[in-house]
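Residue numbers (numbering that gives the first Met the number 0), protein chains in the order written: chain A, 0 to 1057; chain B, 0 to 281.
Worth flagging that the hints you see were computed from the coordinates, not collected in a lab. Virtual Cβ for every residue (Gly too), placed ideally from N, Cα, C. Be a bit skeptical, because a hint or two may be false.
[Unchecked claim] Going by beta-carbon spacing under 8 Å, a handful of chain A positions derived as facing chain B:
1. Ser928
2. Pro985
3. Val988
[To be verified] DSSO-like, lysine-lysine: derived pairs with alpha carbons at most 27 Å apart:
4. B/Lys90 x A/Lys496
5. B/Lys142 x A/Lys622
6. B/Lys29 x A/Lys622
7. B/Lys147 x B/Lys90
8. A/Lys316 x A/Lys54
9. A/Lys498 x A/Lys439
10. A/Lys1010 x A/Lys781
11. A/Lys131 x A/Lys930
12. B/Lys99 x A/Lys496
13. B/Lys99 x A/Lys264
14. A/Lys729 x A/Lys879
15. B/Lys142 x B/Lys107
16. A/Lys498 x B/Lys147
17. B/Lys142 x A/Lys482
18. A/Lys764 x A/Lys738
19. B/Lys29 x A/Lys556
20. A/Lys361 x A/Lys167
21. B/Lys107 x A/Lys88
22. A/Lys556 x B/Lys147
23. A/Lys498 x B/Lys99
24. A/Lys498 x A/Lys482
25. B/Lys90 x A/Lys622
26. B/Lys149 x A/Lys548
27. B/Lys107 x A/Lys556
28. A/Lys380 x B/Lys90
29. B/Lys270 x B/Lys99
30. B/Lys90 x A/Lys264
31. A/Lys316 x A/Lys4
32. A/Lys88 x B/Lys147
33. A/Lys316 x B/Lys149
34. A/Lys316 x B/Lys142
35. A/Lys409 x A/Lys822
36. A/Lys171 x A/Lys335
37. A/Lys123 x A/Lys380
38. A/Lys88 x A/Lys409
39. A/Lys930 x A/Lys968
40. A/Lys4 x A/Lys54
Each chain, letter by letter, is given below.
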Amino acid sequence: MQSVKSIEEFIKLSKRITTDRDLQIPTIVISAGTCGQASGANDLIRVAKRELLYKSLTERIHIRITGCHGFCEIEPSVLIEPRGTIYPKIGINEMVRIIEAVDQGRVAEDLLYTEPLTGQKIEKLADLPFYKGQTRTILSQNEKIDPIRIYNYIENNGYLALVKVLQKSDPKWIIEEIKASGLRGRGGAGFPAGLKWEFLANQRDDGVKYLVCNADEGDPGAYMDRSVLEGNPHSIIEGMLIGAIATGATKGIIYVRNEYPLAIKHLIIALRQARELGVLGDNILGSGFSFGIELVRGAGAFVCGEETALIRSIEGKMGEPRQRPPFPVQKGINGKPTAINNVESWANIPVIIRDTASGYSKIGTKGNTGTKIFSLVGKIKNTGLVEVPLGIKISEVVYDIGGGSVGDAKIKAVQTGGPSGGCIPASMFDLSIDFDSLTKAGSIMGSGGMIVMDENTCMVDVAKYFMNFLKDESCGKCFTCRKGTQRMYEILDDITKGKAGLEDLDLLEELALVVKDTTMCGLGHGASNPVLSTLRYFRNEYIRHIEDKRCDAYVCKDLVGAPCQSACPVGTEPWRYVAHLARGEYEEAYRVIRETNPFPSICARVCDHNCENRCKLGTTGSKPVAVRALKRFIADRVDPSSYRPVRQTIPENESKKVAIVGSGPAGLTTAHYLSLKGYKVTIFEADREPGGMMLAGIPEYRLPRNVLRKEIECLLDDNITVKCGTTLGKDFTVDDLFKDGFNAVFLALGAHHSKSMGIEGENSKGIHPSINFLREFNFKGKNLAKGHVGIIGGGNSAVDAARVALRQSDVESVTIFYRRSRKEMPAFQMEIDAALEEGVNLQTLVSPTGIIVENGRLSKVEFIRNELGKPDASGRRSFKEIPGSEFSAPLDTLIVAIGEQMYPYALDGTSGIETYKGGAIVIDESNLSTKREGVFAGGDVVTGPNSVINAIATGKKAAHIIDCYLNGKPMIIPAESRLPEVYVEPVAVPPEDQGITERIEPPALSPEDRKSTFAEVELCYSEEDARCEARRCLRCDLEFTQPEVEEEEFVEIGENKS
Amino acid sequence: MNPVDIDGDSEKPAKKSDSLIAILENIQAKFGYLPEDTLREVAAETGRSLVDIYGVATFYRAFSLKPRGRHLVSACLGTACHVRGGPVIAKEIGNQLGIKPGQTTSDKEFTFETVNCLGACALGPVAVVDGHYFPNMSTSIVKQVLEKSKLGFEAIEVETDQRVFPVEVSCSRCNHSLMDPGHLIDGHPSIRITISFGSVHGWLALSSLYGSYNVSSEYEIPPDTIVNFFCPHCHAELLGASRCGECGAPMVPMIVRGGGIVQICSRRGCKGHMLDLDGENV
């Protein structure tokens, strides 16, 4: 490379490069930072070059390899300039097609980005929601620059800021300009950069002064510095040169962490090219000004990001911080004055000089000017680097740019500032992102990591994670930091293992404050933030771990045990019966199921299987074990008589009578378990046979009636009397029950009354509440649906009604109308899928506004369209009506399924039992007791429409509580974590099956075959399939049951030091 | 200080004035760990106490006092990876290898470690094996990745791999073709060049496949030797203006038929190369 000897010569070169280029030539820009390369960008580059070469297109299409474009989620991506077309997630074959399209001057439509919410295709990078809300002052350069070509940087105004200050030759002006820009250090603390420079400039000049670029980006979860180093290394060199002129510094050092090989490579190349060109080194551009920059690699110690520790490390010593003052600007490297700035701060310098301080400070808010890059990662849809003006709201970053959560789990917090930062709860997402607001909220800006956490993230575990990190990275100089982080970690560890008491929280808090107050460097000061902020905003999670021994995020292994077991409301051990099934021990498997659940056959068909939702196979990239289908295989195959429940003979119980109102799953379960304890139970059922909502609501194609009846029959015994056709509030009252000598009453009458919409004309002919519609069919076989059928609602009863309607003879079409989007529908997802497969239509984001009646009969329903708003504090997205979007749909039948509640006439004012306005009975959740002594309630009548398995769980709880009550014992259920206890030897997997990881779906009737019949849709596995599927189980239980397995603590950070 | 050797002059011996970290980094690079007797030598040569050296060697994570395996497997446990299931991946790697983080398998094949953050947070959970990043890891592919690492990730199927393709090159001075149809490498005509190093002169044949590093030569070239390249036709030295991004050695330019310039690193064993199609080359 020819070196440039003067400023004039450089300006000429710059002009020549800029005018020589032809901006109209299509250029394929391939993003190949670490993320891009990891996702396959290198392959794309090769294939693109091959195509251009072989098709002789090298003159017509150019190619540019750049650093990261920020939207890591869509890597490997290809950008086409000058059009601005972006192609996400491109493979080798797509690359070939893109080149074809570029050559022909068109866009490959099908490869464009699809907006997940609307399904719309978006062509241009600038129009993607991810980029729209950003102000990409620094990062936008990454698209334009090939980082290993200095001319490419010059082509984009590179080194012109350097030229400007060289020409001006006024160091004071530079410092004033930086001060006026309001730039605050981007490393985390936010110290004004101009002030720091002024301090350095004012140090007595004794020859040597250092400028350091701190590129030891050690915060886990932050990588914006890496992106700038990789994508635009010259901007840092230029920034440091300007800094050197301003402060009189004589030596520059870039301290970069060893974990960034690509950044190191690009920096080395950039430094070499800058020296060869003459913009770095001796007599820069003939101006007489000399400045050299050296690269120093860190050796992997988090604390070296702290400036005094970093200085020690540069000196070749252990990176222990030291007391300040003297500050590094007074005594730094080798005792010489040293100013240290972060990568992002340096990258901002050329921008400020080029755009002037007043131009720069227009971005952001007062006291927090400019942009800041955040790495938006964790449980977020659009992960990547986000550059936004300071002062923007967290919600804008998380929801507008980040696109919200990935799956169905709600976002609950963001963690900012790395290990010294804190967690900010979703309810505070209106907070402005600036140095001061974040500190006030108990977190810090830090280097800019923003880690999104959702319901599957345990906040106690997060605090423990950071404390583990900090205890390892504490250099040990301050006793309180060394020992304090250790002790805090131990307490947090105890909490996650269920070994701590509530008093430990006070100890933790006290310890945290001591560490904060009595340590020397930033690591110690900030070490308490993860604990204090989670205690402040998520104390309930700590308490839940301590008191209930539950980790609701299913993270803390010693409380969760096997997730399938922990997730089951009745505590079934799926791992255990699946293990028996795999071994061919079917009766043993049945006994395991039946021990905890009186309704194996019913749950094998209609359970919403929390076990599968939490299955570790499913949460680690594969599909969960088909637990419910396996249960079905067992329940279909084994005779219930192989399990004989033990009925105890307890003389004092035999004289006591319990009344149960309602014979749904809750009532029957309670009756069964009370009977086993010797009580005499009478069930009062309003319908003509027992079963409750299982009979009245669940359609036969999901739950055949013979299966239901057989299972109920098995439960009824001499101690249980069922009185059908007796309705509470009509045939008897609660008072009557006590008068008749019952010692306790359990209200489990369910929610059999559909709520109304409150729209005029709702009682017209052709409009039915969903429960009435289902009951009329299930009990009497009446086909109420005719012609075009509409269903209002999104819950299970809406979907059931839709699928039943579809099977009725005079029906032409069935459409479900729901006010939010599909993702928000409360019905089971697989039921929605099944309905759509069968031909049910779904219209989302619509609300009914009016009913048009003609000739006394429904003719049309008027609707208005909605749009989704931001998630509320609970994380559920609100909706609002779009004015002017009204439309009407001609309908012959309308089924209203917007929620169910208890019959309004069941309880009158004199019962002494309190109810909520919506009809639900008020209870004390810990013991199910109502406001009236001796009366308990549970199931749908308390919770509203809920799952069968939850009703069974309540029934079991009720039996225990009522037993305590009748024996005068305290009515409590002791909290304990349910860990696997029984060892079942794993079955040897035959070699031919070892690679099998795909879930085997149970057989089912095809949508064509099933939509006109009420025959059961889901069928039973063959024996071979069942055993094969059972072998997929990861056997999470073995960690707890296998005798020789020692306590495994090894998935811990920091043990990799030798 | 431990400045990185920017110009690739790696022959430079460690000087007394070099910082301890730089010396240790060189030793670590050479042996893969810090052997005790070497540390004793360092102590003797630099006049530092062994305690000091031990202090620095154990303070920084990059140094290891135990020998490492042929393959290095790192599981990232940074915050983003942690919340996306990094610990589960780390555990699976440990299970597959039968070792804990920080350990090496008894056959010295694998060393397994966990790292705090690799800065590839958007791809979490991430694992890195021998410098190759594996994004969005799942437990089910751990075994596959480990097995593939034994074969080497660079291994390519020359016949089937679309990413590998032949290029025809000519001398950047006289424009005479350098292709040698009489000498096939990877089933394609090779690129024939005259080379010299030390006092040796001879021919070198390179694979013409872009993406293959196969060569054969008249004399065996010791690893890391910087070689001078000459056109066998005009005898001019093939010398470009730029240096290798990987190692800093001079690059050797050749003209690509169809447009552009390819440059390869002149150091034996270095895979540094650049293919510039528009010829707008630095």
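Checked hints:
no.	hint	in the structure
1	Ser928	violated, 39 Å
2	Pro985	violated, 14 Å
3	Val988	violated, 14 Å
4	B/Lys90 x A/Lys496	holds, 19 Å
5	B/Lys142 x A/Lys622	holds, 18 Å
6	B/Lys29 x A/Lys622	violated, 45 Å
7	B/Lys147 x B/Lys90	holds, 19 Å
8	A/Lys316 x A/Lys54	violated, 57 Å
9	A/Lys498 x A/Lys439	violated, 33 Å
10	A/Lys1010 x A/Lys781	holds, 18 Å
11	A/Lys131 x A/Lys930	violated, 55 Å
12	B/Lys99 x A/Lys496	holds, 22 Å
13	B/Lys99 x A/Lys264	violated, 31 Å
14	A/Lys729 x A/Lys879	violated, 41 Å
15	B/Lys142 x B/Lys107	holds, 17 Å
16	A/Lys498 x B/Lys147	violated, 43 Å
17	B/Lys142 x A/Lys482	violated, 39 Å
18	A/Lys764 x A/Lys738	violated, 43 Å
19	B/Lys29 x A/Lys556	violated, 41 Å
20	A/Lys361 x A/Lys167	holds, 24 Å
21	B/Lys107 x A/Lys88	violated, 37 Å
22	A/Lys556 x B/Lys147	violated, 31 Å
23	A/Lys498 x B/Lys99	holds, 26 Å
24	A/Lys498 x A/Lys482	holds, 21 Å
25	B/Lys90 x A/Lys622	holds, 19 Å
26	B/Lys149 x A/Lys548	violated, 44 Å
27	B/Lys107 x A/Lys556	violated, 32 Å
28	A/Lys380 x B/Lys90	holds, 26 Å
29	B/Lys270 x B/Lys99	violated, 33 Å
30	B/Lys90 x A/Lys264	violated, 32 Å
31	A/Lys316 x A/Lys4	violated, 39 Å
32	A/Lys88 x B/Lys147	holds, 24 Å
33	A/Lys316 x B/Lys149	violated, 37 Å
34	A/Lys316 x B/Lys142	violated, 40 Å
35	A/Lys409 x A/Lys822	holds, 11 Å
36	A/Lys171 x A/Lys335	holds, 21 Å
37	A/Lys123 x A/Lys380	holds, 19 Å
38	A/Lys88 x A/Lys409	holds, 26 Å
39	A/Lys930 x A/Lys968	holds, 19 Å
40	A/Lys4 x A/Lys54	violated, 41 Å
The earlier numbered hints that this structure contradicts are 1, 2, 3, 6, 8, 9, 11, 13, 14, 16, 17, 18, 19, 21, 22, 26, 27, 29, 30, 31, 33, 34, 40.
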